[in-house]
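Peer 1: Residue strings, one per chain:
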Amino acid sequence: DTTVKQNPRYKLARVGKPVNLICSQTMNHDTMYWYQKKPNQAPKLLLFYYDKILNREADTFEKFQSSRPNNSFCSLYIGSAGLEYSAMYLCASSREGGTQYFGPGTRLLVL
Amino acid sequence: AQSVDQPDAHVTLSEGASLELRCSYSYSAAPYLFWYVQYPGQSLQFLLKYITGDTVVKGTKGFEAEFRKSNSSFNLKKSPAHWSDSAKYFCALEGPNSGGSNYKLTFGKGTLLTVTP
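Heads up: the protein sequence lines correspond to chains V and S, in order.
Numbering follows our numbering, with no gaps: position 27 of the first sequence is 27.
Numbering follows our numbering, with no gaps: position 106 of the second sequence is 217.
FYI, nobody ran anything at the bench for these hints, they're computed from the structure.
There could be a bad hint or two in this list.
Sample of chain V residues at the chain S side, in silico, Cβ under 10 angstroms [unchecked claim]:
1. Q6
2. K17
3. Y33
4. A42
5. P43
6. L45
7. L47
8. K52
9. N55
10. A92
11. S94
12. G97
13. T99
14. F102
15. G103
16. P104
In this text the structure is predicted, and so the values were computed from the model without any measurement.
Each residue gets a CB set at the ideal place from its N, CA and C atoms; glycine is no exception.
Turn these sequences into a full structure, and let the hints guide you.
Peer 2: Here it is in structure tokens:
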């Protein structure tokens with residue numbers, strides 16, 4: 001089973017409010033990723049956890065936070081949502097840098 | 112820096128025809144290349160990958176891809192195409208993230224394939 005789950009599937013947020021997205025996997029994968037995808041654009045890596053170590057991309061370092069309370073769960077946190085955060089957020093997981101398996105995504109709309 | 116280009120935003124063909132979706136990449140080291148497919152309302156699903164070795168790699172659902180170092184391409188192929196192959200296809204390259212670990216997938220913008228019955 002290569003299932004990655006994401007909650008919620010749709011999220012409506014107000015400008016300036018925080019947003020927390022959740023991802024889970026039961027494959028005992030050591031690495032969990034968050035990508036952002038906007039319409040007509042390629043998915044873009046935001047950050048990933050390798051075990052308990054968080055790696056954030058340089059160009060999104062200040063905009064996103066994450067936590068991984070245990071091996072199975074990983075969250076993506078936006079402290080103060082702006083209109084530019086409206087996008088699909090894709091979670092993925094892998095073992096030892098191998099093939100990444102993706103969840104269905106959370107569509108975030110910021111108004 | 113690495114990049115992936117999928118020059119065709121939309122491809123339409125008839126069922127039974129051969130399909131070939133184009134992907135080119137730019138990367139200074141030996142590439143790890145992937146194809147993913149996304150059906151409407153579903154997640155990105157892994158199709159196949161090239162790591163090393165045989166330049167033609169076979170994947171799920173009858174797809175295969177050919178790695179050509181000479182022109183930095185990794186085209187996806189299937190013959191014959193079926194209407195159920197209609198989906199969006201993404202090519203991706205694995206390379207270093209900002210911290211230098213090779214965990215980052217750099218994607219193309221995708222090609223929307225429509226196969227008409």
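Peer 1: Run through the hints listed earlier and report the numbers of any the structure violates, in increasing order.
Peer 2: Going through the list in order, the structure violates hints 2, 8 and respects the others.
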